[in-house]
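Here is what each chain is made of, one letter per residue.
There are 2 protein chains.
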Amino acid sequence: MRCEVVAIGTELLLGQIVDSNSSWIGEQLALAGIDSLFQTKVGDNFERMEACIRQALERSDAVICCGGLGPTQDDITRDVLARIMGVELVRDEVIVATIKAMFDEREREMSDNNRRQADIPAGASVIAQMPGTAPGMACPVGDKVIYAVPGVPYEMKEMMLGTILPDLQHRRGAAAVIRSRVLKTWGLSESGLAEMLDDRLQELDRIGNPTLAFQASGIEGIKVRVTAKTDDEASAIAIMDAEESLVRGIVGDHLFAVDDATMESVVLDLVRARGWRLAAHESLTGGVMASRMTAVDPDLKVFQGAIVAGEVTGQGDGEMRAVAAAAKAQNRFGCDLGIAAVSPLHDEDVPSGTVFLGIVAENAEHATTVALPGDHRRLRAYAVISLLDFARKTLARG
Amino acid sequence: MRCEVVAIGTELLLGQIVDSNSSWIGEQLALAGIDSLFQTKVGDNFERMEACIRQALERSDAVICCGGLGPTQDDITRDVLARIMGVELVRDEVIVATIKAMFDEREREMSDNNRRQADIPAGASVIAQMPGTAPGMACPVGDKVIYAVPGVPYEMKEMMLGTILPDLQHRRGAAAVIRSRVLKTWGLSESGLAEMLDDRLQELDRIGNPTLAFQASGIEGIKVRVTAKTDDEASAIAIMDAEESLVRGIVGDHLFAVDDATMESVVLDLVRARGWRLAAHESLTGGVMASRMTAVDPDLKVFQGAIVAGEVTGQGDGEMRAVAAAAKAQNRFGCDLGIAAVSPLHDEDVPSGTVFLGIVAENAEHATTVALPGDHRRLRAYAVISLLDFARKTLARG
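Which chain is which? The protein sequence lines are C and Z, in order. 1 is the number of the first residue of the first sequence in the working numbering; add one for each residue after it. 1 is the number of the first residue of the second sequence in the working numbering; add one for each residue after it.
Read the hints as simulated data drawn from the structure, not as lab findings. Don't be surprised by glycine CBs; every beta carbon is placed ideally from N, CA and C. Take these hints with a grain of salt, some might be off.
[Stated by the list, open to error] With the Cβ distance kept under 8 angstroms, some of the chain Z side facing chain C (calculated, not the full set): (1) L14; (2) K41; (3) G86.
[Said to hold, decoys possible] Covered by chain Z, according to a simulated footprint, are these stretches of chain C (three or more residues, beta-carbon under 8 angstroms): (4) 298–308; (5) 347–357.
With these hints in hand, go ahead and build the complete structure from the sequences.
Listed below in structure tokens is the structure:
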């Protein structure tokens, strides 16, 4: 099963927008075990779009076109797909009514251009999820298929997860129901994780269901996708539950989150569950911790704040300084939990990339030392995740 | 003149890395007035790489291949280019010596794999800039050319700016020397800027040299690239200087930076020039200001720090609260300059997207109100840039 991605929009070629959609789709396809051998960006031009999509369809079993479904004259994905299917566009009055209802709700007039968004190639089906005014669609071409989704990331993602990935998995396999779950791990290499799970992988090779796939994802760690194929929803969930607890038993607390949960959301949930609040001292991480936490908790309900400042001076080794910095954040914001990552002092004889992590939880102090990769920018990002992971483990144990 | 980009690497298709290189190259080509109609991502596979590069070369005058020049067995861009050129790979002993010197400097052993990086297709020329162990190259094919650059962003950028862009401009025009300069503006729409510069653009249409090109770049504002074509370096610089001061005269202090300077670096320079230091209060921006400033000033030499916390409570309207927050940062860090952006209170009757900016510079208070677009994430990013722009203008005037 091969599926290509064609990202549509002149703004992508001009570098006004970085095409992160294709990367996200590529990751989802890889986790679902679907090969994606090419990804193409093309501008809003009929002939070039047609050529790209036709070529993709020739090389692959399915094509996902992302973008060009908006209301402006530039948005011609619908027209190109009708041409490739050899059919006319037909206005779908149910979609017109849905779009109109969205405009009514915002007390705005619906323009004729917005009506164009309801034009669907004859024989195509509309994707059920429609979070914005642009409907997605699935266009059959022989025994292959072209999906069209909007370029707005959250609209695209809802359609991918709700319709396109299940449909692709269904096309590939014979099972009636295919469901998958992503288990996120931190602190293991891809090869280390594969080794830990080796016996189970060999067993699953014989059983055939569920399947496991790995994906290294930088500061998001290594992901394991569990995919179950069965006849009904309930047994799919039962298979995934069983596999998740089996994997948890093997990888232990390296498994930090499932599906949409992130390191930030997991730590915030653990702190919230205790009725606690937390704050950070950011001499090394320089605001990166706060910007990540406030993106999840913008009203500062659990994450109370951060001090971005030079290092807390004082006696002691790196870990003692990290704890002192954590205590400073805890005191300043009157929180139950203070966290901090600090660099070595200039005269400290430790390898480059050494970072000290400190946590103060009520009156208990915790500290550890980690070795992190990369230049200043990457080091900061890894320091933030490592500190959150340390907080997660400390909270889970305590 | 058309130039395509082929990004090479299975990790790009799998979404492990977002292909920001192609976006950056696309932006540079657009600013240089070179059309780029397609961008393709392909995995580390000989046949598929060959097919992609051949197709790109057929459709365009030049192709930039990014990635696959490393030392591992996966890195086969050199081999594919030799096949397309119909020549053998020849080991360049000068490059071998250069790579060896890099290893010696880091006191590490050079492996045989690293020697492979010095294999160059016969007839190709090595790009002068070589910041890493992977040499870039220019491979003539008939009257067209394929450039190969490493996937490491800073290595790629140095080669693009130092060799490839000048070479492409040279290939396009007859002039011996082609130089360009990017003028960055903030606070204008692309159409507004074009209107302001309309008379000058018409004049330049007649004169033909220099040329101006526009590029909308999100939170980096609208860029204007001035390109001068002459017989020698000195007169190219004279033409660009004259055009820059002409454009400055027209757009005034909307022009905030030139070439590599950014809003952050410009504000830090202005503060440093006064012998001042600054700090921020981040109730709305939640650490995004600090993470941007500390990326440029990691040792906190000018940017002293930030308080990420809930809003400073107190009397008064939005602008008064913004000034109070700025004063709080100024006091806490003992700085000359305090800056802050705050949101409206829940009962404040202002349109969605309203943000109040406050600055305290020594004893003077400055405040303004801006209307910003987008969801929470975009609003924060725009609030940071708007506040820095306000600080820049305040410092430039004061």
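When the least beta-carbon distance from L14 (chain Z) to chain C is tested against 8 angstroms, hint result:
With a minimum Cβ separation of about 5 angstroms from chain C (threshold 8 angstroms), the hint on L14 (chain Z) holds.
Annotated coverage of the stretch 347–357 of chain C by chain Z, confirmed only when three residues or more have a Cβ within 8 angstroms
Not satisfied, violated; 0 residues make the cut.
Was the hint right that K41 (chain Z) lines chain C, CB cutoff 8 angstroms?
The hint holds - K41 (chain Z) has a Cβ within 8 angstroms of chain C, the shortest such distance being about 4 angstroms.
Outcome, coverage of the stretch 298–308 of chain C by chain Z - at least 3 residues whose beta-carbon is closer than 8 angstroms to one in that chain:
holds (count 7)
Do the numbers back the hint for G86 (chain Z), that is, is its least Cβ distance to chain C under 8 angstroms?
With a minimum Cβ separation of about 24 angstroms from chain C (threshold 8 angstroms), the hint on G86 (chain Z) is violated.
The structure fails to meet hints 3, 5 from the earlier list, while all remaining hints are met.
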